[in-house]
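Chemist: So the chains spell out like this:
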Amino acid sequence: EDKVVQSPLSLVVHEGDTVTLNCSYEVTNFRSLLWYKQEKKAPTFLFMLTSSGIEKKSGRLSSILDKKELFSILNITATQTGDSAVYLCAVEGLAGANNLFFGTGTRLTVIP
Amino acid sequence: EAEVAQSPRYKITEKSQAVAFWCDPISGHATLYWYRQILGQGPELLVQFQDESVVDDSQLPKDRFSAERLKGVDSTLKIQPAELGDSAMYLCASSPRDRVGYEQYFGPGTRLTVT
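Just so you know, the protein sequences line up as chains A and B, in that order. Count the first sequence with the working numbering and you get residues 1 to 112, in order. Count the second sequence with the working numbering and you get residues 1001 to 1115, in order.
A couple of the hints might just be wrong.
[As the list claims (entries may be wrong)] In the BS3-like style, the derived pairs of lysine-lysine whose C-alpha atoms are separated by at most 27 Å in a straight line are:
1) A:K41 <-> B:K1078
2) A:K41 <-> B:K1011
3) A:K68 <-> A:K56
4) B:K1062 <-> A:K3
5) A:K3 <-> A:K56
6) A:K3 <-> A:K67
7) B:K1011 <-> B:K1062
8) B:K1071 <-> A:K67
9) A:K41 <-> A:K68
10) B:K1015 <-> B:K1078
11) A:K67 <-> A:K57
12) A:K67 <-> A:K41
13) B:K1011 <-> A:K37
14) A:K56 <-> A:K41
15) B:K1062 <-> B:K1015
16) A:K40 <-> B:K1015
17) A:K57 <-> A:K3
18) A:K41 <-> B:K1015
19) A:K40 <-> A:K56
20) A:K3 <-> A:K68
21) A:K67 <-> A:K56
22) A:K57 <-> A:K68
23) B:K1071 <-> A:K40
24) A:K41 <-> A:K3
These aren't lab readings, by the way, just hints derived from the structure by calculation.
Bound conformation, chain B alone:
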């Protein structure tokens, strides 16, 4: 069964350092999402791509976060510089193109700890 791949699964970094996460969606899924989930809360959307274009990045802290999906397939989320408050689980999800009433398929996540 096709799955969303993410790496690394765990990352520990010191504050002020740069960190990057990678996501490979299910093949053929045009829509890709990055979520941040703080412990004890539900996932919060950071950015949504449709193919290589950003559809929604209104909740992305653009002073330190960036995301790209250059060829419309895999995606990278970067944080520079990392802050203590960035410690969270970063989830990637994908869904098929143009489906109304769809479901999002989540990857295993990257757990980031900033020290």
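Chain A extracted, bound-state conformation:
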């Protein structure tokens, strides 16, 4: 059975801290892994990862994929209160179906 597990489930940090969010997966015919940020509305796209070892970076956020060990991490440096959100990891695994299988998310709270 396809599975995406995120950890930790929730995290509280102070502004300026660096955080690492984890996503491990077991899916049939892996194609890509995506990270989304969800505040009080719909998820917004952050990164898509298809190859191992290649870091994707956007400002203070970065992510990397390890296809051998079946996990990805999302790093946020110098956190700000605006980073408070649920971070969702999703995997595209069923060949031809092009649908995403989501984890339950990590709720990040950044306090001033």
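Go by the hints and put chain B onto chain A.
Modeler: Relative to the frame of chain A, chain B by itself:
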């Protein structure tokens, strides 16, 4: 910037009533998805369309849920009759045709409360 449109944004209904949600994907996006997101969980795919055809509805509770995309553009998701357990956020997403390694663009969602 083009966005996925959904309406209504909020819906409160009594159990056993019928309810319908509407989604208009980004223009030119052939693939449309409906997800259900229960509070504290990640989105769960209900149905996927490629143009007007259903590609995957294996997780759609077909005894009470139905979805259509008659002209391959906008889509409607219906629940009849609604049950208390249907309270959730219903998200619509779209993506371009035949892209490998694509991203899905999500609409603002419809938050359904069944009383």
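Chemist: Decide, hint by hint, whether the structure agrees.
Modeler: So, going through the hints one by one against the coordinates:
At roughly 21 Å between alpha-carbon atoms, K41 (chain A) and K1078 (chain B) fall within 27 Å of each other, so this suggested pair holds. This hinted pair checks out: K41 (chain A) and K1011 (chain B) have alpha carbons roughly 15 Å apart, not beyond 27 Å. Our distance criterion of 27 Å between C-alpha atoms is met by K68 (chain A) and K56 (chain A), whose separation comes to about 18 Å. A distance of roughly 24 Å separates the Cα atoms of K1062 (chain B) and K3 (chain A); the hinted pair therefore holds under the 27 Å criterion.
Between the alpha carbons of K3 (chain A) and K56 (chain A) the distance comes to roughly 23 Å, so the proposed pair stays at or under 27 Å and holds. Our distance criterion of 27 Å between C-alpha atoms is met by K3 (chain A) and K67 (chain A), whose separation comes to about 15 Å. The hinted pair formed by K1011 (chain B) and K1062 (chain B) meets the criterion: a straight-line CA distance of about 21 Å does not exceed 27 Å. Proposed proximity of K1071 (chain B) and K67 (chain A) is contradicted: the alpha carbons are some 39 Å apart, above 27 Å.
For a cut-off of 27 Å, the pair hint linking K41 (chain A) to K68 (chain A) is broken: about 34 Å separates their Cα positions. About 14 Å separates the Cα atoms of K1015 (chain B) and K1078 (chain B), which keeps this hinted pair within 27 Å; it holds. A C-alpha spacing of about 18 Å is found between K67 (chain A) and K57 (chain A), which places the hinted pair at or below 27 Å, so the restraint holds. Note on K67 (chain A) and K41 (chain A): the hinted pairing is violated, with a Cα-Cα distance of about 30 Å set against a maximum of 27 Å.
Under the criterion of a C-alpha separation no larger than 27 Å, the hint pairing K1011 (chain B) with K37 (chain A) is consistent with the structure, at around 24 Å. As the CA atoms of K56 (chain A) and K41 (chain A) are separated by approximately 24 Å, the hinted pair is consistent with the 27 Å bound. For the proposed pair K1062 (chain B) and K1015 (chain B), the alpha carbon gap of about 17 Å is at most 27 Å, so the pair holds. Proposed proximity of K40 (chain A) and K1015 (chain B) is supported: the alpha carbons are some 25 Å apart, at most 27 Å.
Simply put, K57 (chain A) and K3 (chain A) have alpha-carbon atoms about 26 Å apart, close enough for the 27 Å limit, and the pair holds. A distance of roughly 25 Å separates the Cα atoms of K41 (chain A) and K1015 (chain B); the hinted pair therefore holds under the 27 Å criterion. The hinted pair formed by K40 (chain A) and K56 (chain A) meets the criterion: a straight-line CA distance of about 25 Å does not exceed 27 Å. Taken as a hint, the K3 (chain A) and K68 (chain A) pair is honoured in the structure, with Cα atoms around 16 Å apart against an allowance of 27 Å.
For the hint pairing K67 (chain A) with K56 (chain A), the CA-to-CA distance comes to about 15 Å; that is within 27 Å, so the pair holds. About 21 Å separates the Cα atoms of K57 (chain A) and K68 (chain A), which keeps this hinted pair within 27 Å; it holds. Between K1071 (chain B) and K40 (chain A) the alpha-carbon distance is near 31 Å, which puts this suggested pair outside the 27 Å criterion. A distance of roughly 24 Å separates the Cα atoms of K41 (chain A) and K3 (chain A); the hinted pair therefore holds under the 27 Å criterion.
Of the numbered hints given earlier, the model fails hints 8, 9, 12 and 23; all others are met.
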